[in-house]
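Engineer: Given next are the chains, with one letter for each unit.
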Amino acid sequence: NAGVTQTPKFRVLKTGQSMTLLCAQDMNHEYMYWYRQDPGMGLRLIHYSVGEGTTAKGEVPDGYNVSRLKKQNFLLGLESAAPSQTSVYFCASSYSGTADTQYFGPGTRLTVL
Amino acid sequence: AQTVTQSQPEMSVQEAETVTLSCTYDTSESDYYLFWYKQPPSRQMILVIRQEAYKQQNATENRFSVNFQKAAKSFSLKISDSQLGDAAMYFCAMIGGNKLVFGAGTILRVKS
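For the protein sequence lines, the chains are A and B, in the order given. Quick note, the first sequence lines up with residues 1300 to 1412 if you use this note's numbering. Quick note, the second sequence lines up with residues 11 to 122 if you use this note's numbering.
Don't take each hint at face value.
Stated by the list, open to error - Calculated pairs, DSSO-like style, for lysine-lysine (alpha carbon to alpha carbon, straight line, at most 27 angstroms):
| no. | chain 1 | residue 1 | chain 2 | residue 2 |
| --- | --- | --- | --- | --- |
| 1 | B | 109 | A | 1369 |
| 2 | B | 83 | A | 1308 |
| 3 | A | 1313 | A | 1356 |
| 4 | B | 109 | B | 88 |
| 5 | B | 109 | A | 1356 |
| 6 | A | 1370 | B | 109 |
| 7 | A | 1356 | A | 1369 |
| 8 | A | 1308 | A | 1356 |
| 9 | B | 121 | B | 83 |
| 10 | B | 80 | B | 109 |
| 11 | A | 1369 | A | 1308 |
| 12 | B | 65 | B | 83 |
Everything labelled a hint here was simulated from the structure, so no lab data went into it.
Next comes chain B alone, as it looks inside the complex:
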């Protein structure tokens, strides 16, 4: 069975600062993909970043980057230059064998 664990229920960051959200996972699949989704108060699930497990290079999307440690089964999200619009629930997820499995989420609060 695949599991995704987010150990931080809530995080806070000052505007313009950097924050890292943690995620660990477990799977027996050799081919899988990892994602971070953002869910603002509007409830819409928005893809932030995606990482293919076979790629060693960490994915980057503008201010968002990941630290993918395959051996440790760790997939953290770093948000640089945090903005008020980054405030949301962030979900780590992985997919292997057609099924997307989510972590419980981390609420990110951004202070001005």
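Pulled out of the complex, with its shape left as it was, chain A reads as follows:
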């Protein structure tokens, strides 16, 4: 039981490049989330999904797209990376929404030059 895993752990991009971050969970959780963590600001919700095939916007969705084609995977895409997207990205999952604890992946450190 690996919990929540994220690929890759580190990445450096040039402005304008694209990339996809992969999150996988093996806990059969319905809900999955993508957050970004910036210094002094805590974690902010980018997008989330309440089930396979669904996605919804969070607090800071601009510049990101997501897909949940399989229940266990939640992909975060950057189509044209910008330096403002330099951050640490965390994926999380929970069995249900409001009441359940969210379990986090180890994070991906992304630098956009």
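For chain A, the structure is supplied; the task is to place chain B on it using the hints.
Structural biologist: Leaving out everything else, chain B in the frame of chain A:
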């Protein structure tokens, strides 16, 4: 909109002593949940403790306990018998309506 405020950017505690981390929140939801997460240098987010807003009794997990004051919208974390392994960033968070909202965090340093 939900907000979570942690007014202490950094705290220090001597090993074996007790420290309290402050958190206040604001929400219009009647049903919500409060959490404290720990983030050590490894970056992994670890759940420390959770409190259901409808419960009056304060949650406790071993050396960690909370002081939940619903009317004041306050949710502080008390760490007793502090250990070197408690050194980390601590985040207060609340969830209501599917969205988890975090405070900015408090860095806890433990002195030996």
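Engineer: Take the hints in turn and mark each one as holding or not.
Structural biologist: Structure-based check of each hint:
1. 109/B / 1369/A: The hint holds at about 21 angstroms.
2. 83/B / 1308/A: violated (37 angstroms)
3. 1313/A / 1356/A: Measuring from Cα to Cα gives roughly 25 angstroms; hence the hint holds.
4. 109/B / 88/B: holds (25 angstroms)
5. 109/B / 1356/A: Roughly 10 angstroms between the alpha carbons, so the hint for residue 109/B and residue 1356/A holds.
6. 1370/A / 109/B: holds (19 angstroms)
7. 1356/A / 1369/A: holds (18 angstroms)
8. 1308/A / 1356/A: holds (24 angstroms)
9. 121/B / 83/B: Violated. Residue 121/B to residue 83/B sits at ~31 angstroms, over the 27 angstroms cutoff.
10. 80/B / 109/B: holds (20 angstroms)
11. 1369/A / 1308/A: Given pair residue 1369/A, residue 1308/A holds - Cα atoms ~21 angstroms apart, limit 27 angstroms.
12. 65/B / 83/B: holds (14 angstroms)
Checked against the numbered hints above, the structure breaks hints 2, 9 and satisfies the rest.
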